[in-house]
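Protein chains in written order, with the numbering used here: chain A, 1 to 245; chain B, 1001 to 1227.
Everything labelled a hint here was simulated from the structure, so no lab data went into it.
Incorrect hints may have been included.
[Said to hold, decoys possible] Straight-line C-alpha distance at most 25 Å; calculated DMTMM-like pairs for lysine to aspartate or glutamate: (1) B/1175 / A/136; (2) A/205 / A/12; (3) A/99 / B/1126; (4) A/141 / B/1092; (5) A/191 / B/1092; (6) A/73 / B/1068; (7) B/1174 / B/1103; (8) A/127 / B/1092; (9) B/1083 / A/12; (10) A/88 / B/1157; (11) A/34 / B/1068; (12) A/127 / B/1126; (13) B/1067 / A/233; (14) A/191 / A/12; (15) A/138 / B/1092; (16) B/1188 / B/1224; (17) A/127 / B/1103; (18) A/139 / B/1224; (19) A/38 / A/231; (20) B/1165 / A/136; (21) A/88 / B/1126; (22) A/165 / B/1092; (23) A/139 / B/1103; (24) A/190 / B/1092; (25) B/1067 / A/57; (26) B/1067 / A/231; (27) A/34 / B/1069; (28) A/145 / B/1224; (29) A/138 / B/1126; (30) B/1210 / B/1157.
Quick caveat, the model's predicted, so the values are computed rather than measured.
Listed here are the chains, written in short residue letters.
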Amino acid sequence: MIIDNMHDAIEEITDNSIIMIPGFGPGAPWNLLKELYKKKLCNLTIIANSVGLSHGDSNIKTIGDFILNGMVKKIICSFTASPHPSIKGPAEQLILDKKLFSEVVTQGALAEKIRAAAAGLGGFYTKTSINTKLAENKKIKVINKQSYVFEEPLHADFSLIRAFKADKAGNLIYRLAARNFNPIMAAAAKKTIVEVEQEIEDVRKINSEYIHTPSIYVNRLVQIPKNGIFEVDLLALRTKTRKND
Amino acid sequence: MINESRTLNRDQISALISSFIDHGSIVNLGIGMPTSISNFISPDSQIILTSENGIIGYDTIITGNVKDDDAVNAGLQHVQLSKGASILDHAESFALIRSGKIDYAILGAYEVAKDGSFSSWTRSTDLYLQLGSVGGAMDIAEHAQNLFIAMKNFTPDKKSRLVNKCMLPITGQKKTVSMVFTELGIFKPQGNAFKLLAHPIGIDPNLIKKNIPVAITWDKNITEINM
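The shape of chain A in the complex, shown without the other chains (with noise of 0.2 Å):
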């Protein structure tokens, strides 16, 4: 369904909400991110890589922004704390307060536990961090003398989706290092907010074979309208990443 603007986009969602944000860098939706922190919900459940700084940019709200504004109840994301130890992470402090629950996830098992629970499954085993006190309270299984931890698939009610093209029947293209999480966290919600920045085409406009996100798993369609967030200062994020190494 064609929505009209980012602000009906994302009625449906309310306190309590589970949401997955993809982006690694590029590849968030910055503008339906806009919009759900000026609605100014409570009880938020984040699903996402990382928490993300504050943005020099007011136009940009990072996960960091909605839990530094009460919003998020819990987050699970494979970077909950800075990789650095002169700069503390938004989520921090909050966490050693017990203000804020929170799970680390390593980003391969994150992102595939969000695909098991798109693609039907209860979970999966993994070498990964086998002898380590992130696999603690995790099911071990030895298959073929190997051993393997086990994780549980990751539902969510909403995600929210960038997407470079897509056609009015909802089927979505990206672009790049922007695809990361999003093809996965569009499959793995109930419902899926995408918004799109370049103009919505007409059904047939884009070749079957290429579509990366079938329409079947989206919801709800919105453009990036003209004075919308296009290009994000990735610098920005950056140069504040890099005092972080």
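Let chain A serve as the given structure and place chain B on it in line with the hints.
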């Protein structure tokens, strides 16, 4: 005292690491110091650089104004895609990592122990399940064929990062790390000691040994690094 003008700088360490990567290999470069290695990989080497964000095949880091925000490495630096590059989503990207097809991976670390284990993902010894920055490090450490660590030899308060036993929760178990590259040279974890494989010219191995509280061995004909 170690003469700091003789120690290796970041670029020299990157160049040194690139010389240990076989032609034709598939390579993953971690966030931080390792990303700069891409600038020292010769285009003739047929090496394929991959990034866990799904880019299979990129060349140098691009600085200056020509940039494409959708083409970045693990550290969000803009990169040039190689001819013949391809793109995977995140699940497939990590399936590739777990497949064992990554010949060499280079990561940073807080500590590396003489048994080849290392720590890099959390500084918390009690709240680690909640507070960490593991990223893809455990996936890569467990599955890459050869794991190199690039790091500074000492913490800001001058403690050695080469240790007898990791004090922080480990990222990879024993025998995970193949070699460690620091400003003092190349170290190979060997179980009960580190073997110094090469040292910068002008820094005596005995002096290196004196500054690191772990058993260090080396061969008589040890390589001197002269860059």
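Structure-based check of all given hints:
{"no.": "1", "hint": "B/1175 / A/136", "verdict": "holds (20 Å)"}
{"no.": "2", "hint": "A/205 / A/12", "verdict": "violated (30 Å)"}
{"no.": "3", "hint": "A/99 / B/1126", "verdict": "holds (17 Å)"}
{"no.": "4", "hint": "A/141 / B/1092", "verdict": "holds (23 Å)"}
{"no.": "5", "hint": "A/191 / B/1092", "verdict": "holds (23 Å)"}
{"no.": "6", "hint": "A/73 / B/1068", "verdict": "violated (35 Å)"}
{"no.": "7", "hint": "B/1174 / B/1103", "verdict": "holds (19 Å)"}
{"no.": "8", "hint": "A/127 / B/1092", "verdict": "holds (16 Å)"}
{"no.": "9", "hint": "B/1083 / A/12", "verdict": "violated (44 Å)"}
{"no.": "10", "hint": "A/88 / B/1157", "verdict": "holds (19 Å)"}
{"no.": "11", "hint": "A/34 / B/1068", "verdict": "holds (23 Å)"}
{"no.": "12", "hint": "A/127 / B/1126", "verdict": "holds (23 Å)"}
{"no.": "13", "hint": "B/1067 / A/233", "verdict": "holds (11 Å)"}
{"no.": "14", "hint": "A/191 / A/12", "verdict": "holds (9 Å)"}
{"no.": "15", "hint": "A/138 / B/1092", "verdict": "holds (23 Å)"}
{"no.": "16", "hint": "B/1188 / B/1224", "verdict": "holds (16 Å)"}
{"no.": "17", "hint": "A/127 / B/1103", "verdict": "holds (17 Å)"}
{"no.": "18", "hint": "A/139 / B/1224", "verdict": "violated (48 Å)"}
{"no.": "19", "hint": "A/38 / A/231", "verdict": "holds (20 Å)"}
{"no.": "20", "hint": "B/1165 / A/136", "verdict": "holds (19 Å)"}
{"no.": "21", "hint": "A/88 / B/1126", "verdict": "holds (18 Å)"}
{"no.": "22", "hint": "A/165 / B/1092", "verdict": "holds (21 Å)"}
{"no.": "23", "hint": "A/139 / B/1103", "verdict": "violated (29 Å)"}
{"no.": "24", "hint": "A/190 / B/1092", "verdict": "holds (22 Å)"}
{"no.": "25", "hint": "B/1067 / A/57", "verdict": "holds (20 Å)"}
{"no.": "26", "hint": "B/1067 / A/231", "verdict": "holds (12 Å)"}
{"no.": "27", "hint": "A/34 / B/1069", "verdict": "holds (20 Å)"}
{"no.": "28", "hint": "A/145 / B/1224", "verdict": "violated (43 Å)"}
{"no.": "29", "hint": "A/138 / B/1126", "verdict": "holds (17 Å)"}
{"no.": "30", "hint": "B/1210 / B/1157", "verdict": "holds (17 Å)"}
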